[in-house]
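Novice: Sequence lines, in order, name chains A and B. Residues 1 to 239 in the working numbering are what the first sequence spells out, letter by letter. Residues 1 to 622 in the working numbering are what the second sequence spells out, letter by letter.
No lab work stands behind these hints: they were computed from the structure. Do not take every clue at face value.
Claimed, not checked - In silico DMTMM-like pairs for lysine to aspartate or glutamate, Cα to Cα no more than 20 Å straight-line:
id, chain 1, residue 1, chain 2, residue 2
1, A, Lys80, B, Glu189
2, A, Lys97, B, Glu189
3, A, Lys97, A, Glu146
4, B, Lys465, B, Glu348
As the structure is a prediction and not an experimental result, all values here were calculated from the model.
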Amino acid sequence: MEHNIQDIILNVESLNTYYGKAQILFDLALHVYCGEVVVLLGRNGAGKTTVLKSIMGMISSKSGRVFFKGKSIDKLPPYKCCALGLGYVPQDRRIFKGLTVLENLEVGRQPPSEGYGEWTPARLLELFPNLAERRNHLAGMLSGGEQQMLTIARTLMGNPELIILDEPTEGLAPVIVNHLLTTIQRLKSEGISILMAEQNLNFARSISDRACIVYQGQIRYQSPIAELSQAAYEKYCAL
Amino acid sequence: MPKLEKGILLGFYFVQFLTGLSDASALFLVACGLSLIFGVLRIVNLAHGSFYMVGAYLAYYLIANFPQGAFFFWAGILLAALTVGTIGIVIETLLLRRLYYAPELFILFATFGIVLIFQDLSRWFFGAEDILGQQAPGLAGSIDIMGVLLPQYDVVLIVIAPLILVGLWFFLYRTRWGILVRAATEDREMSDALGVNQSRLFTGVFFLGSCLAGLGGAIQLPKGGANLLMDLNIIAAAFVVVVVGGMGSIPGAYLAAVIIGELSAFGVLIFPQSTLVLMFLLMAVVLVMRPHGLLGNAEPEVQGAAKMSTATLKPASKKLKLLGLALLILLFMMPVFVGSFGLVLMTEIALFALASMSLYFIMGPGGMVSFGHAAFFGGGAYAAALTVHYMQTPMELAILLAPLLVGLVALIIGWFCVRLSGVYLAMLTLACAQICWSIVFQWGKFTGGDDGILGIWPSAWASDKTVFYYLTLILCIGGIMALRHFIFAPFGYTLRACRDSSLRVDSIGINRHRHQWFAFTLAGTFAGFAGGIYVFSKGNVFPDVMAIPRSFDFLFMILLGGIETLFGPIAGSAAFTWLHDQIARIDYWQLILGCIFILLVIAFPDGIAGSIHTRLGRYFED
Ligand SMILES: Nc1ncnc2c1ncn2[C@@H]1O[C@H](COP(=O)(O)OP(=O)(O)OP(=O)(O)O)[C@@H](O)[C@H]1O
Ligand SMILES: [Mg+2]
Numbered sequence: 001m002e003h004n005i006q007d008i009i010l011n012v013e014s015l016n017t018y019y020g021k022a023q024i025l026f027d028l029a030l031h032v033y034c035g036e037v038v039v040l041l042g043r044n045g046a047g048k049t050t051v052l053k054s055i056m057g058m059i060s061s062k063s064g065r066v067f068f069k070g071k072s073i074d075k076l077p078p079y080k081c082c083a084l085g086l087g088y089v090p091q092d093r094r095i096f097k098g099l100t101v102l103e104n105l106e107v108g109r110q111p112p113s114e115g116y117g118e119w120t121p122a123r124l125l126e127l128f129p130n131l132a133e134r135r136n137h138l139a140g141m142l143s144g145g146e147q148q149m150l151t152i153a154r155t156l157m158g159n160p161e162l163i164i165l166d167e168p169t170e171g172l173a174p175v176i177v178n179h180l181l182t183t184i185q186r187l188k189s190e191g192i193s194i195l196m197a198e199q200n201l202n203f204a205r206s207i208s209d210r211a212c213i214v215y216q217g218q219i220r221y222q223s224p225i226a227e228l229s230q231a232a233y234e235k236y237c238a239l
Numbered sequence: 001m002p003k004l005e006k007g008i009l010l011g012f013y014f015v016q017f018l019t020g021l022s023d024a025s026a027l028f029l030v031a032c033g034l035s036l037i038f039g040v041l042r043i044v045n046l047a048h049g050s051f052y053m054v055g056a057y058l059a060y061y062l063i064a065n066f067p068q069g070a071f072f073f074w075a076g077i078l079l080a081a082l083t084v085g086t087i088g089i090v091i092e093t094l095l096l097r098r099l100y101y102a103p104e105l106f107i108l109f110a111t112f113g114i115v116l117i118f119q120d121l122s123r124w125f126f127g128a129e130d131i132l133g134q135q136a137p138g139l140a141g142s143i144d145i146m147g148v149l150l151p152q153y154d155v156v157l158i159v160i161a162p163l164i165l166v167g168l169w170f171f172l173y174r175t176r177w178g179i180l181v182r183a184a185t186e187d188r189e190m191s192d193a194l195g196v197n198q199s200r201l202f203t204g205v206f207f208l209g210s211c212l213a214g215l216g217g218a219i220q221l222p223k224g225g226a227n228l229l230m231d232l233n234i235i236a237a238a239f240v241v242v243v244v245g246g247m248g249s250i251p252g253a254y255l256a257a258v259i260i261g262e263l264s265a266f267g268v269l270i271f272p273q274s275t276l277v278l279m280f281l282l283m284a285v286v287l288v289m290r291p292h293g294l295l296g297n298a299e300p301e302v303q304g305a306a307k308m309s310t311a312t313l314k315p316a317s318k319k320l321k322l323l324g325l326a327l328l329i330l331l332f333m334m335p336v337f338v339g340s341f342g343l344v345l346m347t348e349i350a351l352f353a354l355a356s357m358s359l360y361f362i363m364g365p366g367g368m369v370s371f372g373h374a375a376f377f378g379g380g381a382y383a384a385a386l387t388v389h390y391m392q393t394p395m396e397l398a399i400l401l402a403p404l405l406v407g408l409v410a411l412i413i414g415w416f417c418v419r420l421s422g423v424y425l426a427m428l429t430l431a432c433a434q435i436c437w438s439i440v441f442q443w444g445k446f447t448g449g450d451d452g453i454l455g456i457w458p459s460a461w462a463s464d465k466t467v468f469y470y471l472t473l474i475l476c477i478g479g480i481m482a483l484r485h486f487i488f489a490p491f492g493y494t495l496r497a498c499r500d501s502s503l504r505v506d507s508i509g510i511n512r513h514r515h516q517w518f519a520f521t522l523a524g525t526f527a528g529f530a531g532g533i534y535v536f537s538k539g540n541v542f543p544d545v546m547a548i549p550r551s552f553d554f555l556f557m558i559l560l561g562g563i564e565t566l567f568g569p570i571a572g573s574a575a576f577t578w579l580h581d582q583i584a585r586i587d588y589w590q591l592i593l594g595c596i597f598i599l600l601v602i603a604f605p606d607g608i609a610g611s612i613h614t615r616l617g618r619y620f621e622d
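Isolated chain A, as found in the complex (with noise of 0.2 Å):
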């Protein structure tokens, strides 16, 4: 695929991020085609999730730029952010237990005061079948699974143009990872963007377009998947 330059969505530059006094970010920069999935491999620790939480606002990075759509958002809080088109799905999926699921879903609904964008609870309920049988049921009695799918549907309530999604696969049975599988096809042939932590190689392989490693706060390898180096693979993500 060629992509132009005014086609991307999302643009990170040198971004140095710390927690407290330790930096964990090192002039990292990233960046997202409109409608592409992007990958971010890397070792337990390497720094994925601060990378998306930093992009999302929920950690604030010391320095660095953050473009979204063409607009600065390294500033912005996350409810912002989310309202220009981020969503953010998060690795412990932190679905609100003493909710229902529909419930769950009124709370990602976004733009609140404009009633339902091209998400809504019945679209998201055909397009998760298991959540449309609970949709009463308090979240905190949903399997793993079911509650991996609400906190994809709940970020989809606000219509988001790009994905952040934090180790969809972790923790799934293998026939859920495959629903999963389906369904991040699915919004992507919507046009949606994603942009995705993960260690399932092969998960990585069959959805995304793009790679790119994280290595001690860096990006040190990035490239089409289908050319994904082996070395570098077994160099920076191998235990």
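Once you've looked at the hints, dock chain B with the ligands against the given chain A.
Specialist: For chain B with the ligands alone, kept in the frame of chain A given last:
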């Protein structure tokens, strides 16, 4: 009770039951506002009682200045509630918003500053006299229930609370805002990432909670009027409700408020002075059976207040010890430099230093923040005063007896308190202290009530100010050294282990509760010791010494001095006592003190000793 016919007796009990229900209303409104705010903002808003008080005063003045009639009466009540809500918005946006990332204890302190400010503002605007509320037009009469009369207005109160309960339920479970509030209660960061503007949500919830408190104050006006003691009385009761009902549970708050209302309604019949003790017993039973309250969730996540200090205390270096010695010599030479007025001040500083050190002992190494330490300090003062007053005990014996008696009280209170942690523990200590204060305040026949106990003077040999200064100095230094000894003894290390990793301590077979219980009792005993001496330095004792503001004075001394060093409480006591002496002669000094509290929390979070330590500490290492 007079012999009554059976029918009337039944009616009497029924009416008493209804009275209990009506008493529960205002309490419920305050407690559920408190719960809502805590759930979303994670702030225990001590100023909530002030909102309640202001609601009552405002309603009085609005109604008094409106035309007569039922419409204007209720309009006045509603307007008072909304005004209080607006005050809440102002406080949230101007002050609390700056503090959301500060340690929880600091936020609590700021809200206590607001309590002080509102105390004085209310006195200024509304006067110190108790105010009798207006009667609700058309509801001034009584209704006859099986031959017994019940004020009509009580019926209104009985109906209001369940209506609000249902209204809140509808709000929380059937509106988008309610869903967002519940989501934010569970996970603020996530709901932020889903596009919910947290600041706006916080402000909204604070508005709602403040309105409820204001409404509570306003609706009880015809029954209870308005006075300047309302704020701390209701906040203590609301804390009991929250502890009993379960934090965050609004039905729990209603249930607990009703139980407490009924308990006082029927308790009065059995033993008029017993209602407060009954409240205490209720709390005891609930805490033993269900530590998280009747309808509370099993594991409350917030333990923030306990995490205020994790510094590893080190014994002082040689250089610091030398410095301490120099300071001691200076203290002993003080009578040469200062006059008798200065000596009185120095005596007070020494006593407060011991008291705040004892509080620091459970707060720092113990990890248990107490908002009621004045109960022990004042308890010691009263114990000494009462033994002198009733048994003519000599001073020497009274000073020995006071800590023992207070230690016993601390043993009882501590048994409950160590079952909780963090904010819950703090709330419980505050409630217990307010109960102790109320007993002293209300039991006038025994304690002299508001008039205090006068004429408690030292023995003849110690009556000279200089001699008494030396006596105090030696006893206080002894006390402080004893506490220091406990901190650096194995017991102190175990205590810090209990604070820092309760799970691991449990797993290696240390009885955590027992250690904390012992520490709590010890701290109470030493505070009582200081209090026992204090009463002889003053010659009299009033209920103020054990009131909540005094507890906060001690906390303030620690914060002022800095929470990370052992010397902090001592420096803080000196600074505070001096400061207090400077401003106490000004009218409305509480207003000033409140502002200082808030300023300190915002601008100077390390405290005096802490700041000196970070700047100059390296020069004093070995
Ligand atoms: N809240 C925190 N405070 C301090 N350090 C943190 C915090 N969160 C993460 N870290 C550290 O930052 C580094 C990067 O963490 P991050 O969570 O971004 O890694 P990750 O690549 O997402 O790992 P994983 O695959 O396990 O999710 C790690 O070394 C981690 O220990
Ligand atoms: Mg991660």
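Novice: If a hint holds in the structure, say so; if it doesn't, say that too.
Specialist: The hints, checked one at a time:
1. A:Lys80 - B:Glu189: Between A:Lys80 and B:Glu189 the Cα gap is close to 13 Å, so the pair holds against 20 Å.
2. A:Lys97 - B:Glu189: OK: A:Lys97 and B:Glu189 at ~15 Å, within 20 Å.
3. A:Lys97 - A:Glu146: holds (12 Å)
4. B:Lys465 - B:Glu348: holds (12 Å)
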